[in-house]
Amino acid sequence: MKSAALDRREFFRQSGALVVGFTLASAGLAQQLAPRPQLPGSLNNNRMLDGWLRINADGTVTVFTGKVELGQGILTALAQIAAEELDIAYERVEMISADTSRSPDEGMTAGSQSVENSGTALRFAAAEAHEMLLQLAAARLGVPAGKLAVSDGTVSAGAMQATYWELVKSVDLKREATARARPKSPASHRIVGKSIKRRDIPNKVSGAAAYVQDIRLPGMLFGRVVRPSAPGSRLENCDEAAVRAMPGVVAVVRDGSFLAVAAEREEQAIKAANALRTSAKWTAGIALPPQGSALFEHLQKLPARDSVVNSKVGAPSAGGPVTTIEAKYTRPYQCHASIGPSCAVAQVKDGKLTVWTHSQGVYPLRQHLARVMRMSEASIIAVHVEGSGCYGHNGADDVACDASLVARATGGRPVKLQWMREDEFGWEPYGSAMVMKLQARVDASGQVVDWQHETWSHPHSTRPGGAGSNLLAGWDIANPVPMGAPINGAQPAGAADRNAVPLYVFPNQRIILHYLPEMPLRTSALRTLGAYANVFALESFIDELAVAANADPVEFRLRHMKDPRARAVIEAAAGKAGWQAGRKGDGARGRGIGFAQYKNLAAYVAVVADVEVDRRTGNVRVVKTVGAVDAGLIINPDGVVNQIEGGIIQSTSWSLKESVRYDERRVQTRSWADYPILTFSEVPAVDVVLLNRPEERSLGTGEGSQGPTVAAIANAIANATGTRLRDLPFTRDKVKAALV
Amino acid sequence: MATSITVNGRTHSVEAAADTPLLYVLRNDLELNGAKYGCGFAQCGACTVVIEGKPVRSCVTPVSAVAGKAITTIEGLGSNGAPHPLQKAFIEEQAAQCGYCANGMIMTAKIFLDKNPRPTEAQIKKALGANYCRCGTHNRIVRAVQRAAKEVA
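From first to last, the protein sequence lines stand for chains A and B. Residue 344 in the numbering used here sits at position 344 of the first sequence; the count goes up by one each step and never skips. Residue 144 in the numbering used here sits at position 144 of the second sequence; the count goes up by one each step and never skips.
Among the hints, erroneous ones may be present.
[To be verified] Calculated cross-link-like contacts (lysine-lysine; reagent style DSBU-like; alpha-carbon spacing at most 35 Å):
{"hint": "1", "chain 1": "B", "residue 1": "Lys54", "chain 2": "A", "residue 2": "Lys657"}
{"hint": "2", "chain 1": "A", "residue 1": "Lys624", "chain 2": "B", "residue 2": "Lys88"}
{"hint": "3", "chain 1": "A", "residue 1": "Lys624", "chain 2": "B", "residue 2": "Lys69"}
{"hint": "4", "chain 1": "A", "residue 1": "Lys584", "chain 2": "B", "residue 2": "Lys125"}
{"hint": "5", "chain 1": "A", "residue 1": "Lys624", "chain 2": "B", "residue 2": "Lys126"}
{"hint": "6", "chain 1": "B", "residue 1": "Lys69", "chain 2": "A", "residue 2": "Lys657"}
{"hint": "7", "chain 1": "B", "residue 1": "Lys88", "chain 2": "A", "residue 2": "Lys576"}
{"hint": "8", "chain 1": "B", "residue 1": "Lys115", "chain 2": "A", "residue 2": "Lys624"}
{"hint": "9", "chain 1": "A", "residue 1": "Lys184", "chain 2": "A", "residue 2": "Lys562"}
[Stated by the list, open to error] Reference excerpt, derived from the structure (chain B facing chain A, CB under 7 Å, subset only):
{"hint": "10", "residue": "Thr6"}
{"hint": "11", "residue": "Asn8"}
{"hint": "12", "residue": "Leu30"}
{"hint": "13", "residue": "Cys39"}
{"hint": "14", "residue": "Ile51"}
{"hint": "15", "residue": "Thr72"}
{"hint": "16", "residue": "Phe90"}
{"hint": "17", "residue": "Gln94"}
{"hint": "18", "residue": "Arg134"}
Just so you know, the hints here were simulated from the structure itself, not pulled from any lab data. Where a beta carbon is used, it is the ideal one built from N, C-alpha and C, also for glycine.
Using the sequences plus the hints, can you model the full thing?
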C-alpha cells in the first residue's frame with residue numbers, strides 16, 4: 001500500500017509535468033505558477049525595481065512608496081533610506097506616495113510597519129540600483145567596481161568621473177528585483193540615523209498647500225453629507241425640492257438613505273445640508289448598548305466567538321501555598337478625534353472617478369469604492385493627499401465614498417466634501433469598548449505559576465479591504481453593499497487580542513479572546529487596536545501581583561522577563577527616572593511603570609509616570625513621564641522621539657479623559673465640549689531615551705508608547721493612593737468616588 | 001452681497017452672504033490655506049486669524065463683522081522662503097506631526113508674544129490653553145514659542 005507521502009509526491013510530479021506543458025503554451029502563466037523567491041519587505045509583492053525608484057537625468061531621484069504621510073514623518077524616513085543606499089544627497093529625493101495610478105500597492109499604512117516593510121523594500125531596491133550604476137560606471141571608466149568611490153551620485157576613480165545622471169540612460173530599472181545587492185552596513189551610514197528635518201513641516205506652518213482640504217480644482221463645488229439621525233435609522237422622507245431652490249445649490253443627492261448636497265460655495269453647502277437635515281424624517285434606528293458600568297456586563301453577555309489564542313502548560317509549581325488573584329479591567333468606546341474632520345475631493349468625468357483622499361490605504365479604498373459606485377477598479381484612481389492626523393481608521397475612507405457619490409451628480413465638476421465636526425464625532429468608527437479579566441496564581445517565593453487573560457472586544461479592523469463594502473454610504477444607498485464579516489487579525493500580532501499574550505515568562509498561561517462581531521456602535525482600528533487596553537490590564541495586573549508578592553514592580557517584572565531587550569528598556573526607563581525600589585506614594589504623589597513590545601513584534605517601550613492625585617477633586621495630573629525605546633536600527637532619531645512622545649501624551653489624554661457619550665439611540669458626542677482631550681496645562685513633561693541598536697533591524701514605533709503609558713499612569717495612581725483603578729478613563733468623578 | 005475686507009495688507013471685495021464665516025472667505029475666495037476648519041464652534045483654535053491685534057476664531061466670525069478691519073493670516077506672517085521667527089522656530093523644534101493645528105498655535109502665539117515677549121513656560125501653556133493638538137506635540141510647541149521669543153527679544 002502506498003503511503004500518503006508517496007501519493008503526494010506522485011501528484012506533484014504529475015502536476016509538475018503539467019506546468020512544463022503550460023510553459024510551452026504561455027510563459028506568463030508559467031511565471032505565475034513557478035515559485036518566486038521571497039524578497040524582503042514590500043518588495044515581495046511589488047517586485048519591479050522601477051516601481052520603487054526612478055533616477056532622473058536632471059539630477060533627482062523619484063522614490064515611490066505605497067505608504068502615506070500621516071504626520072508621522074514616514075516620507076522623510078523613507079527618503080533617508082533611499083538616499084543612504086544610493087549614495088546621494090538627501091535633497092535630491094522626491095517622494096511619491098500612495099497613488100493607484102503609479103505607486104506600489106502596500107495595503108494600509110498601519111500597524112507601525114512602514115519602516116519595516118516599505119523601508120526594507122526601498123533599502124534593497126536602492127542598493128540594487130546603486131550596484132547596477134556602479135557596474136556600469138566600472139565598465140565605462142575601465143576600473144573595477146570595488147575601486148570606485150561614490151559621492152552624491154558622482155562615481156569617481158582618481159580624476160575619472162561619471163555621474164548617475166549620465167549613466168542612467170543606459171540602466172534599465174524596468175526589471176524584477178533580486179535583492180542580491182547587499183545594503184550598507186550601519187557603521188557606514190551618513191544619512192540614516194540622523195535627525196533630518198521633516199519635509200512636510202515647512203508647508204504646514206506657512207499656509208502653503210499641505211492637505212487634501214487645500215485642493216482647489218477648476219469648477220470645484222463644495223459638498224456636505226446628511227447622515228442618518230441615529231445608527232441604523234433609514235430615511236423616510238425629506239424636502240429635496242426646497243433645498244434645490246436654495247442659493248448656490250447644484251445638486252441634492254438622495255440614494256436610499258444617503259443624503260448629500262453640492263453647492264457653489266462651502267457655506268451654501270452647509271446651509272443646504274442643515275435644511276435637508278431639518279426636513280428629513282428617519283426611522284428610530286437600532287438600540288445602542290447600555291452606558292456606564294452596565295456596558296461591560298453587557299459585553300460579557302453578547303454572542304461571542306471564543307478562542308484560545310495562546311496557551312502554555314508547563315511544570316506545576318514546586319509546591320507550597322499559592323495565592324490566587326483576579327481583577328477585571330475595562331475601557332470604554334473612544335474616538336480618534338482628529339482635529340480636522342475628514343475630507344475628500346472627487347471628480348467623475350468620462351466614466352472615470354478620481355478621488356483625492358487621506359485614506360491610509362488607497363488600493364483597498366479603490367476596491368470598495370468600485371463596489372459601491374458600481375464601477376470597475378480600473379476606472380478609479382485614488383490618490384493620497386495628507387489630511388489631519390488620523391491615528392487609525394477615522395472618517396477618511398467614508399468621506400471619500402461620500403464625495404464620490406456626490407461627484408456623480410455634478411456633471412463632471414469636482415466636489416470637495418468635508419465632514420462637519422459632528423459628523424466626525426458621530427460617525428467615525430470608534431476604538432472598541434473592552435473588558436479584560438485576569439487571573440493568576442503566585443507562589444510563596446513570589447513567582448507567577450499560572451496566568452490567564454480573557455478579553456471581550458468588538459472588531460478592531462473594519463477598514464476597506466476584503467469582502468463587501470466597509471464604507472458608510474455603501475450601506476445607506478438604495479442598492480446597498482453590506483459590510484463584510486469582520487475578521488480578527490491572527491496572532492502573533494493579533495487585533496482585539498493584540499499584546500494580550502505576555503512577553504513575561506510564566507510556566508502556565510492561557511489567553512482567551514471573546515470576539516464580539518456585532519457592533520451597534522461601529523468599531524475599527526484606533527491606534528494600537530486592542531493593545532492599549534490589553535497592556536493596561538496586563539501591566540496593571542503585574543503590579544497587583546507585585547504588591548501581593550511584596551515585591552518592587554520593576555524587580556518583579558525583571559524576575560519574570562527573559563528577553564534582554566525588554567529588560568534593557570525597563571531598566572533604562574527606571575534608571576532615567578531615578579526609580580527607587582519599594583518607594584511608596586505619599587497619598588497624593590506616586591510613580592508607576594508600564595512596559596510592552598508593541599504587537600510582541602515591534603519596538604520595545606517602557607514608560608515611567610509620576611502622578612499627583614488631588615484627593616478632594618479627584619483630579620489626576622500626570623506630571624512627568626520617561627519613555628525608553630528600543631526600535632532596532634533608528635532611521636530618524638527625532639522622528640522616533642516625536643512618535644513616542646506624541647503617543648505618551650495622546651495615551652495620557654485617552655486614559656484620563658476620553659469616552660464616547662451616547663444614549664439609547666444616538667451618539668451624544670458631537671463637539672469638543674462632549675469629548676474633552678488633554679490641554680497644554682495638563683500635558684506631562686516627556687523625556688525619551690533611545691536605545692539605538694544599529695545591528696538590529698528597524699522596529700516600528702508609531703504605536704509603541706500607548707499601552708505602556710496607560711499602565712504606568714494606573715500603576716502610579718495605585719502607588720500614590722493605595723487604590724487600584726481598573727476602569728478607564730480616570731476622570732475626576734471616578735477617581736473621587738474610588739478614593740472615598 | 002459684496003464685502004470689502006483687508007487681509008495681509010491687501011483689500012479684496014468678496015461676494016458672499018453677510019453671515020458667511022470669515023473662514024470660508026479666506027479659504028475659498030482668497031485661496032489662503034492657513035486657517036483650517038476644525039470644529040465650527042470656536043472650540044479648537046485651528047481657524048485662528050489675527051484681527052486688529054487680537055486672535056479671532058474665523059469659523060464663527062461673520063465676514064460682515066470684519067469689513068474694513070485689518071486681518072492677518074499665517075500667510076501674512078511669513079512664507080516658506082521667508083518665515084517669521086515663529087514659523088522658523090516650529091521648523092527648528094519640529095513642532096508638528098500632522099500640523100493641522102499649527103496655524104492656530106502660531107497665530108495665537110504671535111499675539112501672545114507681542115504682549116509678553118519674555119514669557120514663562122506656564123504662561124505659554126496658559127496662552128495656548130484653548131488650542132487643541134491631537135498628535136501630542138504640545139511640549140514641542142511650547143519649546144518653539146520659547147525659541148521664537150528668544151529670537152525676537
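The hints, checked one at a time:
1. B:Lys54 / A:Lys657: Given pair B:Lys54, A:Lys657 holds - Cα atoms ~31 Å apart, limit 35 Å.
2. A:Lys624 / B:Lys88: Within the cut-off at roughly 28 Å; holds.
3. A:Lys624 / B:Lys69: violated, 44 Å
4. A:Lys584 / B:Lys125: Status holds; Cα separation ~31 Å.
5. A:Lys624 / B:Lys126: holds, 18 Å
6. B:Lys69 / A:Lys657: violated, 39 Å
7. B:Lys88 / A:Lys576: holds, 31 Å
8. B:Lys115 / A:Lys624: holds, 30 Å
9. A:Lys184 / A:Lys562: Judged against 35 Å, a Cα distance of about 31 Å means the pair holds.
10. Thr6: violated, 17 Å
11. Asn8: Not OK, violated: B:Asn8 not within 7 Å of chain A, min 10 Å.
12. Leu30: With Cβ-Cβ at 11 Å, over 7 Å, it is violated.
13. Cys39: holds, 4 Å
14. Ile51: Constraint on B:Ile51 not satisfied, violated at 16 Å.
15. Thr72: violated, 11 Å
16. Phe90: holds, 4 Å
17. Gln94: Result: holds, 6 Å to nearest chain A Cβ.
18. Arg134: Holds, about 5 Å.
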